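Colleague: As a plain string of letters, each chain reads:
Number of protein chains: 2
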Amino acid sequence: MESRPAGMVTLALDAEGGDHAPEEVVAGARAAASPELKVLLVGRPEIVAPYLDGIGSANVELVPSEATISSHEEPAKAVRGRPMSSTVLGARLVSEGRAQGFVGAGSTGAMLAAGLLVVKRVRGVKRPAIVTVLPGMSGPVVFLDAGANADCRPEHLLEFGALGSVFARYALDIERPRVGLLNIGEEETKGSELALGAHSLLAASGLDFVGNVEGRDLLFDAADVVVTDGFTGNVALKLLEGTARALLLRVRQAGEADLRSKVGSLLLRPALREVRAALDPEEYGGTYLLGLRGLVVICHGNSSRVAIANALRFGAGAVRQGIVEAVERELGRTADG
Amino acid sequence: MESRPAGMVTLALDAEGGDHAPEEVVAGARAAASPELKVLLVGRPEIVAPYLDGIGSANVELVPSEATISSHEEPAKAVRGRPMSSTVLGARLVSEGRAQGFVGAGSTGAMLAAGLLVVKRVRGVKRPAIVTVLPGMSGPVVFLDAGANADCRPEHLLEFGALGSVFARYALDIERPRVGLLNIGEEETKGSELALGAHSLLAASGLDFVGNVEGRDLLFDAADVVVTDGFTGNVALKLLEGTARALLLRVRQAGEADLRSKVGSLLLRPALREVRAALDPEEYGGTYLLGLRGLVVICHGNSSRVAIANALRFGAGAVRQGIVEAVERELGRTADG
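First to last, the sequence lines map onto chains B and X.
First residue of the first sequence? That's 2 in our numbering, and the numbers climb one at a time after it.
First residue of the second sequence? That's 2 in our numbering, and the numbers climb one at a time after it.
Take these hints with a grain of salt, some might be off.
Because identical chains share one entry, a pair is satisfied inside a single copy or across any pair of copies.
Computed cross-link-like contacts, EDC-like style, restricted to lysine to aspartate or glutamate with a CA-CA straight-line distance of at most 20 Å [what the hints assert, rightly or not]:
| hint | residue 1 | residue 2 |
| --- | --- | --- |
| 1 | Lys191 | Glu74 |
| 2 | Lys191 | Asp218 |
| 3 | Lys127 | Glu176 |
| 4 | Lys78 | Glu275 |
| 5 | Lys39 | Glu189 |
| 6 | Lys121 | Glu257 |
| 7 | Lys78 | Glu189 |
| 8 | Lys127 | Glu156 |
| 9 | Lys78 | Glu188 |
| 10 | Lys39 | Glu62 |
| 11 | Lys263 | Asp20 |
| 12 | Lys263 | Glu331 |
| 13 | Lys263 | Asp222 |
| 14 | Lys263 | Glu75 |
| 15 | Lys191 | Glu37 |
| 16 | Lys121 | Asp20 |
| 17 | Lys191 | Glu75 |
| 18 | Lys191 | Glu156 |
| 19 | Lys127 | Asp174 |
Simulated from the structure, these hints should not be mistaken for lab results.
Bear in mind the structure is a predicted one, so any value in this text is a computation, not a measurement.
Chain B extracted, bound-state conformation:
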């Protein structure tokens, strides 16, 4: 597995993206920046500069933008119409080679549009996808598409299998990733028209296809890479988060039932904190838009400074692992697009 030698990585960061921008975003940049990781903070100086005072660091540089894109706008239109917005400018730093990746917590739609329209697809990749890493019980599970493509055809799911495999090999060091298809039964005759078509294509591909994976097995080592359309994938990812939150809330409530439970809960607290962390998307991995000519990392809208710093570190890791080049090499070569 070849990878770029360790060294300076430069990432652009949308200083105005996210519910807690710019304060938390700037703080995240300051936390993650280092001699090995330079952060180009893209934002309007009048908004961002107040939070930059006193950094005195050569590792964080302000790149002035002139506008912003809100989550209520139609993404493609906003991206086309506002080239000097922080989201578009951040993406442009990648397409112009000034940064190797772009990280942002703004509207997923705008990040997606900026990725597709500005960073642009790898030639041969039909549908760049959002790749996320789920906290499986036996290790990470690469899951895609988590929301880039609401409507898919079978050949797109095949492509997701190839993209996910590259990610698993380069980012997670899994030599021959097992690829599964999220479906509603284990038998190959089960599923929607889309799933049936994707099953045939995946089974005939050179990927290590292990068949259908049901929702209940997704976290239980059924496969290293699990593919689905962006609608099901987004629902699944958010449901997983919601279910974990609901359950931990119930566990907390259980710890207030009576004195015995209160003491038990207090004693168990440090261990439970680790459970929480293991299931926290801010901790366990970033979300990547893969299939583009540069790395794009999409953060949760409500990202804290910790989440932003982690996303920058994950992004720098992915750049060093050479994931974009691997996608270009493997999908750019074999695909017909």
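Chain B is already provided as a structure; the job is to place chain X on it using the hints.
Modeller: Using the frame of chain B, we list chain X on its own:
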């Protein structure tokens, strides 16, 4: 809200359906049967009778079948070809008026096929759906379609909204249920072609439509009834189960980390048992195939005697609540099919 007066309910039960049939199924029947709930146990006498010895109860009656349907068979073909199988015969007891509902833990596909082909659709209902009740944090959430229709059109999701509303009103006593559409964003412009189309139809309907519900809000009181296609719904339901299982496993593992955690875990155990029960599909509700001329309750394949007994009790409750009649009255009248 009118409902059938309390009194004797008769339910057919597939004695040969499920991973633990017939032993657990028969035990479940014995546990649930009462002067108010008569169970017609459908199975081959040579298989079932050994477990019936010594009941001496007039509330459980063996109805002899002559074959069985396995989960590996093509359901519709098996149902058409084997009229004397326990699954088909159980459904026939409903269509012939000898039972008011049919409960089974066999293959979902076979239960579905028996429901559609033998019990038959209510005239006017296009797509009977699998309705399940999720353990929301503020109360039950009616969720459909959990797997009957892998491919849907927008008008089917509208129908699910109507079916789910009837269920919420009659089974859960929610006077004016809020109906939500499972989707990948809150804005009405978000989603797949299917979701966009369904959104328009639901918004224009007489239902109390509250808009899109994201995966992360499904358990957090976003709506009383949430509709989606049977593919997404089945993935979501199973993922919810899998996530709860993974998380409770992590909590248990956390309770073995060190002595402090062990003591904490021991003290918290009774309270956690309640959390487990609240999230256990065996405890919190049945899964109904709604839109048919009789009640069909589909149990988990791995149902224990407790699950079977609960499904029978839930089923009897649904019969007394008059859900089938309500569907016939409300959807049979207004639909054009």
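Colleague: Confirm or reject each hint.
Modeller: Hints, one by one, checked against the model:
1. Lys191 with Glu74: between (39 Å within a copy, 12 Å between copies)
2. Lys191 with Asp218: Within one copy only: 16 Å inside a chain, 28 Å across chains, cut-off 20 Å.
3. Lys127 with Glu176: neither (25 Å within a copy, 48 Å between copies)
4. Lys78 with Glu275: This pair counts as neither: shortest intra-copy Cα distance 42 Å, inter-copy 50 Å.
5. Lys39 with Glu189: Neither. Shortest intra-copy (48 Å) and inter-copy (39 Å) distances fail the 20 Å Cα cut-off.
6. Lys121 with Glu257: neither (52 Å within a copy, 49 Å between copies)
7. Lys78 with Glu189: Intra 41 Å, inter 17 Å, cutoff 20 Å: inter-copy only.
8. Lys127 with Glu156: within (9 Å within a copy, 31 Å between copies)
9. Lys78 with Glu188: between (43 Å within a copy, 16 Å between copies)
10. Lys39 with Glu62: Result: close within a single copy only, 8 Å intra versus 76 Å inter.
11. Lys263 with Asp20: Close neither inside one copy (34 Å) nor across copies (39 Å); limit 20 Å.
12. Lys263 with Glu331: Cα proximity of lysine 263 and glutamate 331: none, with 55 Å in one copy and 49 Å across.
13. Lys263 with Asp222: Cα proximity of lysine 263 and aspartate 222: none, with 34 Å in one copy and 27 Å across.
14. Lys263 with Glu75: neither (49 Å within a copy, 52 Å between copies)
15. Lys191 with Glu37: neither (49 Å within a copy, 39 Å between copies)
16. Lys121 with Asp20: neither (26 Å within a copy, 51 Å between copies)
17. Lys191 with Glu75: between (36 Å within a copy, 10 Å between copies)
18. Lys191 with Glu156: So lysine 191 and glutamate 156 pass the 20 Å test inside one copy only (18 Å; across, 23 Å).
19. Lys127 with Asp174: neither (25 Å within a copy, 49 Å between copies)
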